[in-house]
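All chains should be built: construct the whole structure from the sequences, respecting the hints.
Counting in UniProt numbering, the sequence shown runs from 1 upward without gaps.
In case anyone wonders, no lab produced these hints; they're calculated from the structure.
Hints may be right or wrong, so weigh each one.
Said to hold, decoys possible - Below are the DSSO-like pairs computed for lysine-lysine, each with C-alpha atoms no more than 30 Å apart in a straight line: (1) Lys318 with Lys174; (2) Lys174 with Lys106; (3) Lys114 with Lys163.
To be verified - What follows is a set of in silico ranges between Cβ atoms, one per label pair, in the way DEER data are often shown: (4) Ala395 with Asn459: 41 to 49 Å; (5) Pro515 with Arg76: 40 to 48 Å; (6) Asp352 with Asp264: 26 to 34 Å; (7) Gly195 with Glu240: 49 to 57 Å; (8) Asp419 with Asn169: 54 to 62 Å; (9) Asn194 with Leu59: 29 to 37 Å; (10) Leu497 with Lys114: 47 to 55 Å; (11) Pro515 with Thr68: 19 to 27 Å.
Since the structure is predicted, the reported quantities are computational estimates derived from the model, not experimental observations.
For each residue, glycine too, the CB sits at the ideal point set by N, CA and C.
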Amino acid sequence: MSGVHPDVHSPRLSGKPSFSTVNPSRHLSQLDSLYRSSGSGTSDTPPQDNGQAAMPGQLLVLVYSILTLLAVGCVRTLRQWRWKRFRQFSHVPQAGKPSFLWGHWKVMDRLFRKGDPRRHREQVMIETYKEMGNPPVLFFDLRPMLRPMLMIFHWEVAEQITKSSPTWNNSCPKSPTMRPIQHLTGERSIIVSNGDEWRQQRRRLNPGFAPQHLMTLLPTILDKTAVFLRRLDGLCETGEEFRLDEICGALTFDIIGAVAMGLDLKAQVPGQHHEIVLAFQRLVGHYLNYKRRYLPFLDWTNERRRRRCGSELDRLVKGIIRESYDRVIHNDAKARDVLALSLEGTQELTPDLLQVTSDNLRSFLFAGHDTTSILLQWAIYELSRSPRQLRSLRAELEELFGSDTDPAATREKLLRQPDVLNQMPYTAAVIKETLRLYPPAGSVRMSPPGTDFRLRLPNGEYIATDGVVMAISPGQLQRDPSVYGETAHDFLPERWLGDASGIPAGAWRPFERGPRNCIGQELANIEAKIVLACVARRYSFVKVGLGELELDGTGSPIPDERGYFRTKSTLFNSTQIIAKPVDRTVMEVGFRQY
1 MSGVHPDVHS PRLSGKPSFS TVNPSRHLSQ LDSLYRSSGS GTSDTPPQDN
51 GQAAMPGQLL VLVYSILTLL AVGCVRTLRQ WRWKRFRQFS HVPQAGKPSF
101 LWGHWKVMDR LFRKGDPRRH REQVMIETYK EMGNPPVLFF DLRPMLRPML
151 MIFHWEVAEQ ITKSSPTWNN SCPKSPTMRP IQHLTGERSI IVSNGDEWRQ
201 QRRRLNPGFA PQHLMTLLPT ILDKTAVFLR RLDGLCETGE EFRLDEICGA
251 LTFDIIGAVA MGLDLKAQVP GQHHEIVLAF QRLVGHYLNY KRRYLPFLDW
301 TNERRRRRCG SELDRLVKGI IRESYDRVIH NDAKARDVLA LSLEGTQELT
351 PDLLQVTSDN LRSFLFAGHD TTSILLQWAI YELSRSPRQL RSLRAELEEL
401 FGSDTDPAAT REKLLRQPDV LNQMPYTAAV IKETLRLYPP AGSVRMSPPG
451 TDFRLRLPNG EYIATDGVVM AISPGQLQRD PSVYGETAHD FLPERWLGDA
501 SGIPAGAWRP FERGPRNCIG QELANIEAKI VLACVARRYS FVKVGLGELE
551 LDGTGSPIPD ERGYFRTKST LFNSTQIIAK PVDRTVMEVG FRQY
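So, in C-alpha cells, the structure goes:
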C-alpha cells in the first residue's frame with residue numbers, strides 16, 4: 001500500500017518500538033506490529049514482510065485522518081447552521097423562536113392546528129403577524145425543507161420588490177418556488193421568466209391585451225356570457241343548489257380560450273368540452289388531491305401524473321399554435337386573438353418559440369380564467385349580503401341599460417355603445433373593492449445570493465434578503481387599518497368614489513404593480529363589468545351553507561349595525577392552487593323580485 005504518508009520508508013520494523021524519530025506513521029506501524037507480536041502468546045512469531053507490516057498502520061492513519069476531518073467538518077457545519085438559524089436574521093421580526101433542527105415548522109404546525117385546517121396558508125401568516133404585534137415584515141425559517149421566507153405586510157416594503165431598481169431593471173426576479181405549478185404554467189412563461197426573456201415575451205404579447213384591441217372582441221365575450229346567463233335561467237327554474245365556482249369558471253375559461261387562442265372550447269356545454277378543457281381539468285385535479293400531498297410516496301406518484309397530464313396539455317396547445325401559424329403566414333386577417341397577434345411577423349416557428357408560446361397560452365388558461373372567476377364569486381356573494389351596495393349598483397345599471405333585464409337588450413346596448421363600459425363608476429368600484437378584500441394571489445420574488453439586495457423598513461432599518469423568498473401578503477396589506485381605517489374589513493365600494501387620494505396607490509395591488517403587473521387585468525375588468533351588468537339586475541343570489549344569512553321568524557335577513565345582513569358563519573378562502581372560496585361558493589339563485 002503506497003501513497004498514504006510520504007514518510008513511511010522503513011525497510012523493516014524491529015521487535016520493539018523506537019521513539020527516536022518523530023514520524024507518526026512509522027510509530028503507529030511499529031505499535032501495531034508490537035501489539036500483534038505480544039498478543040500472539042509466543043515469542044517465535046515469524047517476522048512479517050515490511051509491506052504487510054506497514055499496511056495496518058497506514059490504514060489507522062487514514063481512518064484517524066478521515067474521522068478528524070469529519071469531526072472538524074461537523075463542528076463547522078453545526079456552527080454555521082446555528083448562525084443561520086439563530087443569528088443571521090435575528091434582527092428581523094420572526095414567527096416565534098425557531099427550533100435548531102426544524103426552524104419555524106413547529107410554529108407553523110401549531111398555528112395551522114389553532115384554526116380551521118382548510119383555511120388558506122396566507123391566513124395563517126396573517127394570524128401570526130397579528131400575534132407578533134403587526135410588524136411590517138415577518139421571517140419564517142423553513143429550512144431545511146424549503147427556502148427561508150420573508151412575508152411582507154406593508155405596502156412601502158412591497159413596492160421595493162415590484163418596481164425597477166438599480167439592481168433589477170424589471171423589478172426583483174420571480175421566485176423559483178413557483179416550480180411546483182410548472183406543469184400548469186410551463187417553465188418559461190411570462191409568469192415565471194425573468195430578465196430579457198420576460199421583456200421579449202411581454203413585448204410580443206402586449207398587442208393582444210391592449211384595451212383598444214380587447215374592445216373589438218366584445219361580441220365574443222358577450223356570446224360566452226349569453227351561455228352563462230342561460231345556465232342561470234335554468235337554475236332559477238329548478239331552484240337547485242349549485243356551485244358558483246363551476247359555472248363562473250366555465251364562463252371565464254370559454255372567454256380566455258376565445259380571446260387567447262380564437263377557440264370555442266365549449267367549457268360551458270356539458271358533454272361537448274374541447275379536449276383542451278378535459279386535459280386541463282385532469283391536470284388541475286392532480287393538484288387538488290389534498291389527501292395524497294402529505295404522503296411523500298403518493299405525492300411522488302401524483303407528480304408523475306401531473307407531468308403526464310402537463311405533457312398532454314402541452315401537446316394539444318402546440319397543435320393549436322401550429323394551426324394558427326399556418327393561418328398567419330397565409331394572411332388570414334380574421335384571426336385577431338392573442339396567439340395570432342403574437343405570431344405576426346414571425347419568419348419561422350422554431351421549437352424554442354413553439355415551446356415558449358405554449359407555456360404562455362397554458363399560463364393564460366390557468367391564471368386568466370381563475371382570477372376572474374374568483375372575482376365574480378366574491379362580488380356576487382358580497383352583494384348578496386350588502387343590500388345598500390346592491391341597490392346602488394342596480395341603480396347605476398338601470399340608468400345605463402334601462403329596466404329591461406333581458407340579456408338580449410343588454411347585449412344590444414353594449415354592442416351599439418361599447419363606451420358605456422367606461423361609464424360605470426360604481427360597478428368599477430364594486431370590482432375594485434372585491435379585489436381589495438379577496439385578492440386571488442400575491443407576488444413572490446427572490447433576489448439570488450450575491451446580488452446584495454436590501455429592503456428598507458418603514459423605521460429606516462435595512463435588511464439583506466439575498467436568497468430569501470419574499471412573499472407579499474395582499475390579504476393583510478389591502479386590509480391595513482392604518483390605510484383603510486375602521487372600515488378596512490368592510491365591503492365598501494364607496495371608498496373608491498370621489499377623492500380616494502388618501503389611499504396610497506401601493507396599498508391596492510391585486511394585479512401587482514411595476515413593470516411586471518398583470519398583463520390581463522384589463523380583460524378581467526371588462527369581463528367582470530359585463531357579467532355584473534347582466535346578473536345584478538336580473539337575479540337574486542342566496543348563499544347556502546358556509547356564510548349563509550341569518551333569518552328572523554318571518555324568513556327575512558337580519559341587518560347588523562352597519563347595514564350588512566348577518567351571517568351564521570364566515571365564508572373564507574382555502575388553498576386550491578390559489579386562494580378560492582373553500583366551498584366553491586354554494587348558492588341558490590332566483591329571478592329578481594321587485
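Can you let me know if the beta-carbon spacing of Leu497 and Lys114 is within 47 to 55 Å? 38 Å, violated
Are Gly195 and Glu240 spaced within 49 to 57 Å by their CB atoms? At roughly 51 Å between Cβ atoms, Glu240 and Gly195 fall inside 49 to 57 Å, so the hint holds.
Assess, step by step, whether the Cα of Lys318 is no farther than 30 Å from the Cα of Lys174, and give holds or violated. 25 Å, holds
Quickly compare the C-alpha distance for Lys174 and Lys106 to 30 Å and report which way the hint goes. At roughly 27 Å apart (the allowed maximum being 30 Å), Lys106 and Lys174 satisfy the hint.
Within 30 Å, alpha carbon to alpha carbon, are Lys114 and Lys163? Status violated; Cα separation ~36 Å.
Given the hint of 40 to 48 Å, is the C-beta distance from Pro515 to Arg76 inside that range or not? 42 Å, holds
Honestly, do Asn194 and Leu59 meet the 29 to 37 Å range at C-beta? 52 Å, violated
CB-CB spacing for Asp264 and Asp352 relative to the 26 to 34 Å hint: Holds - the Cβ-Cβ distance for Asp352 and Asp264, about 29 Å, lies within 26 to 34 Å.
Starting from the hint 54 to 62 Å, judge whether the C-beta atoms of Asp419 and Asn169 obey it. With a Cβ separation near 36 Å, Asp419 and Asn169 fall outside 54 to 62 Å, so the hint is violated.
Does the beta carbon distance between Pro515 and Thr68 stay inside 19 to 27 Å, or does it fall outside? Distance hint for Pro515, Thr68 is violated at roughly 53 Å.
Determine whether the Cβ-Cβ distance between Ala395 and Asn459 falls within the hinted range of 41 to 49 Å. Holds - the Cβ-Cβ distance for Ala395 and Asn459, about 46 Å, lies within 41 to 49 Å.
The structure is inconsistent with the numbered hints 3, 8, 9, 10, 11, although it conforms to all the rest.
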